[in-house]
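Spelled out, the chains give:
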Amino acid sequence: MILALEEVVCGYGGGDVLQGLDLVVERGSITCIVGPNGAGKSTVLRAVSGILRPRLGRIQLEDTDITHARPHEVLSLGIVQVPQSNGIFPQMTVRENVLMGGYPLRRDRELLKRRYAEVSELFPIVRERGPERAGNLSGGQRRMIEFARSLMVNPKLVLLDEPSLGLDPKSLKAVFDNVALMNEAGKTILLVEQNVRIGLGAATHAVVMESGRVRLYGTSREILDHPEIAELYLGGHVARDAAPA
Amino acid sequence: MRRATPERLAFSALLVACFAWLVAYPLYSHNQYWQNVLFFAFLFAVMASGWNIISGYAGYVSLGQSAFVGLGGYTTGIIATRAHISPWWTIPIAAAVAALVAALLGVVVMRTRGHSFVIITIAFLLILQLVALNWASLTGGSTGTTLPLTSYPREWQNTPFYYVMLGLVLLSVLMTWAIRRTKFGTGLIAIREDEDKAGAVGINTPVYKVLGFAASAVLVGAAGGVYAYYLTFIDPTGMFNILYSVFTVLAVLLGGRATVWGPILGGFLIELLREQTNVHFGASSLNLVIFGALMAAVVLFLPRGILPTAAAWFVGRRTRGVPGVAEGALDLRPGLALAARPEERPAESSILLAADGLVKRFGGLRAVDELSFYVREGTITGLIGPNGSGKTTAFNLIDGMMRADAGEVRFEGRRIDRLPPWERAHLGLGRTFQITRLFRQMTVLENVVAPLRSFSLAQLAAGAVAGHEVERAQELLDFVGMSRFAHAAAGTLSFGQQKLVELAQVLMLDPKVILLDEPAGGINPTLIERLVEKIRELNAMGRTFVIVEHNMPLVAELCDPVVVLARGKRIAAGSAHEIQRDPLVLDAYLGEGWTVDEAVTA
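Those protein sequences? They're chains S and Y, same order as listed. In this text, residue positions in the first sequence follow numbering that gives the first Met the number 0: the first is 0, and each later residue adds one. In this text, residue positions in the second sequence follow numbering that gives the first Met the number 0: the first is 0, and each later residue adds one.
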């Protein structure tokens with residue numbers, strides 16, 4: 000277990016969105032949160048990364064209590080979040096945007112250089128469009144830059160909020176190939192995904208959320224095979240088709 | 000609409016008590032000092048209330064508000080010294096002059112936003128001051144003008160001005176309150192939240208802004224007239240005082256922007272502070288330092304102002320432990336019927352929308368490069384292509400968010416590429432966005448009723464959320480399954496929920512052709528199925544769709560024909576079946592060996 004949430008209650012000032020949420024993320028897993036719109040999936044990621052402070056409950060990373068940690072403290076402990084949209088600095092170049100992700104390493108220029116080289120190896124767009132203004136990129140290209148940027152700090156746990164959003168089929172495949180690669184390199188991944196087909200296809204574990212609570216947790220296989228869940232939340236036929244024959 | 004909570008009732012009672020006290024005060028106390036302090040508090044309250052309309056609601060920050068005090072003051076001064084007419088005539092004339100000049104200024108500064116707008120309003124104030132200083136034959140120049148005394152008994156002292164100014168405060172509150180409840184008010188807020196989007200949903204933004212400007216000046220002009228009588232002597236530096244503009248801004252920021260009572264509260268607090276600092280530090284400029292520090296403190300610690308912060312605190316306390324906008328369980332009732340304007344479908348499909356040789360450059364990059372395609376009436380046309388191939392830019396050129404460098408857009412055979420976005424919306428062109436662009440601080444229901452199918456002056460005064468519009472909006476919210484959140488602020492919804500509300504919003508326009516930019520992105524699969532169903536249903540009723548989407552199974556199921564873009568050009572067009580065999584499409588977009596089946600089982 001790398002991350003555990005216990006009885007977490009939290010919201011945005013107009014009532015509670017998470018209403019006593021218990022969730023465990025296994026070390027080395029790709030855990031995918033699915034559920035209806037407004038179930039509180041993105042809120043879980045915000046609570047973990049310190050953007051939102053839980054009103055009640057406890058969040059633990061390995062042996063450290065991070066319930067009340069600030070975003071920069073959470074980052075330095077090795078959790079990095081890629082937000083849902085609009086996370087890039089449009090006036091900066093692609094290169095500057097990616098280097099921004101290495102801000103905590105700014106004193107170690109050698110390390111920064113090496114990481115940048117690794118990241119641009121993984122995401123060729125970083126090298127190809129490096130000197131261009133990031134604002135000129137399309138929605139999907141911007142997400143690639145955001146992924147590249149998040150890897151600059153070599154995190155333990157990567158939080159991805161709907162990585163499939165706005166990606167064309169080719170980029171989508173590339174991105175999820177990279178999710179698998181990061182996982183193989185030892186990084187635990189917690190992602191929120193509406194594209195259940197691809198999200199559960201890539202995940203080892205799955206969480207079904209409903210009304211700010213966890214409805215069901217298991218391996219992604221178990222979730223896909225669960226008939227009621229498939230019918231209710233995954234859009235019947237899509238989930239059936241996703242299960243290999 | 001809003002429930003009468005205990006806090007709200009207490010607040011109303013407090014307001015009534017304050018007002019009663021202000022009315023009664025001169026009757027039992029003859030303390031002229033405090034009457035004068037209150038008179039200035041009223042003046043700042045009126046100025047702040049006016050400023051709140053153009054800057055709080057519409058988001059256009061002006062530092063020229065005291066220009067309208069000067070205009071009102073000089074208008075009354077000039078008339079009163081030349082013709083012996085009653086203040087009951089000169090003050091309304093002052094109000095009219097201020098409103099007219101404000102409207103003219105509005106026309107002039109129409110194209111500027113942000114910093115340049117602020118600079119222009121300062122310039123406007125200084126130019127008026129210069130005119131007053133140099134046109135000595137009219138204004139008396141730097142020696143100023145002395146107004147004739149009004150004719151009421153001397154023992155009343157300044158009390159009549161006190162009551163007239165208090166009346167103006169009351170009128171300001173009523174005007175602000177009324178504006179917030181009409182189409183005019185929601186239109187102004189839409190402009191503040193996202194001016195381009197406001198245009199895209201059919202709001203005639205220039206007219207709204209000009210009228211907003213006039214509304215923000217009219218009562219301030221009247222107050223300037225009263226102020227001039229009260230002073231009996233006016234001069235350019237006193238009447239066109241930029242410091243008063245700054246006080247006005249500070250009053251609104253302190254009390255709470257875009258609220259009815261915030262500017263009033265702020266006006267009173269600023270005057271009390273100004274009086275105290277004048278008494279204790281008046282000889283030096285230390286009072287200005289104190290105001291500077293206050294401004295910094297407000298921005299740092301009370302960024303929303305006193306009233307909104309207090310309201311948020313009460314809401315937070317009341318809703319503690321109550322489920323918030325998180326609403327997980329899917330509503331699986333069978334699809335709700337959706338009434339639309341009945342319309343017979345034309346027997347023969349014809350070209351409804353055509354793009355012809357469109358070019359759009361961003362620096363060296365040709366995002367859209369000689370793009371031509373057409374959409375036949377009654378079709379669901381898909382627009383697909385790799386990220387960066389120009390799909391969203393093409394939408395922007397069609398709906399008027401951007402202007403093409405070359406090429407034509409034709410709708411129903413008529414060129415529309417020179418029309419502003421709201422006119423295109425009125426013709427029947429609706430559009431949603433890839434990243435949602437709702438008016439975040441409006442409620443969900445206000446967002447859905449915000450789109451306007453036409454423009455008329457009468458519409459401005461129509462209730463913002465009223466009549467059969469509300470029924471239709473509720474129906475649309477039911478359709479997307481969001482009616483439970485009708486009164487939540489749009490900004491508090493999750494991304495997927497915002498997409499659904501935006502869909503309801505565009506359907507409110509009841510457009511002939513609907514451009515959907517990645518409608519399925521971020522939407523739960525069960526809802527996607529319902530979305531597909533509803534698009535079919537609307538299509539059967541005669542609506543034409545153009546859909547940008549990466550969800551290929553959805554495109555294959557729904558769209559015919561499909562147009563494929565790459566690097567800003569059309570590389571293929573045909574049925575989904577045809578294009579997925581096209582080697583160009585496979586190479587540019589789908590990748591090697593792709594089939595629809597594979598997309599499903601990937």
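Because the hints were derived from the structure by calculation, they are not lab data. We put the CB at the ideal spot given by N, CA and C, even for glycine. Check before you lean on any hint, since a few could be wrong.
As the list claims (entries may be wrong) - Using 27 Å as the maximum straight-line C-alpha spacing, the simulated DSS-like pairs for lysine-lysine come out as follows:
1) Y:Lys-568 to S:Lys-172
2) S:Lys-172 to S:Lys-186
3) Y:Lys-568 to S:Lys-169
What the hints assert, rightly or not - Part of the chain Y face toward chain S, derived, beta carbon under 7 Å:
4) Ala-296
5) Pro-307
6) Thr-308
7) Ala-309
8) Ala-311
9) Phe-313
10) Leu-364
11) Gly-387
12) Ser-482
13) His-486
14) Gly-490
15) Thr-491
16) Ser-493
17) Pro-524
18) Leu-589
Here is what the structure says about each hint:
Restraint check: the Cα-Cα separation between Y:Lys-568 and S:Lys-172 comes to about 24 Å, which is no more than 27 Å; the hinted pair holds. For a cut-off of 27 Å, the pair hint linking S:Lys-172 to S:Lys-186 stands: about 19 Å separates their Cα positions. The hinted pair formed by Y:Lys-568 and S:Lys-169 meets the criterion: a straight-line CA distance of about 18 Å does not exceed 27 Å. Of the supplied interface hints, the one on Y:Ala-296 is violated, with its beta-carbon coming no nearer than about 22 Å to a beta-carbon of chain S, more than 7 Å.
For Y:Pro-307, the interface hint is violated, since its Cβ never comes within 7 Å of a Cβ in chain S; the closest pair sits about 12 Å apart. With its C-beta approaching chain S no nearer than about 11 Å, Y:Thr-308 sits outside the 7 Å limit, and its interface hint is violated. Nearest Cβ of chain S to the Cβ of Y:Ala-309: about 13 Å, over the 7 Å cut. The hint is violated. Satisfaction of the interface hint for Y:Ala-311 is found here, the shortest Cβ-Cβ separation to chain S being roughly 6 Å, below the 7 Å cut-off.
Taken as an interface hint, Y:Phe-313 does not check out: its beta carbon lies about 11 Å from the nearest beta carbon of chain S, beyond 7 Å. Given hint, Y:Leu-364 at the interface with chain S, holds; its Cβ is 6 Å from that chain's nearest Cβ, closer than 7 Å. Of the supplied interface hints, the one on Y:Gly-387 holds, with its beta-carbon coming within about 4 Å of a beta-carbon of chain S, less than 7 Å. The closest approach between the C-beta of Y:Ser-482 and any C-beta of chain S is roughly 13 Å, which is over the 7 Å cut-off, so the hint fails.
Taken as an interface hint, Y:His-486 does not check out: its beta carbon lies about 11 Å from the nearest beta carbon of chain S, beyond 7 Å. Nearest Cβ of chain S to the Cβ of Y:Gly-490: about 9 Å, over the 7 Å cut. The hint is violated. The beta carbon of Y:Thr-491 comes within 6 Å of a beta carbon in chain S, closer than 7 Å, and the hint placing it at the interface holds. For Y:Ser-493, the interface hint holds, the least distance from its beta-carbon to any beta-carbon of chain S being 5 Å, beneath 7 Å.
For the restraint placing Y:Pro-524 at the interface with chain S, the shortest Cβ-Cβ distance is roughly 3 Å, inside the 7 Å limit, so the hint holds. For the restraint placing Y:Leu-589 at the interface with chain S, the shortest Cβ-Cβ distance is roughly 5 Å, inside the 7 Å limit, so the hint holds.
Consistency with the previously given hints fails for numbers 4, 5, 6, 7, 9, 12, 13, 14, ordered from lowest to highest.
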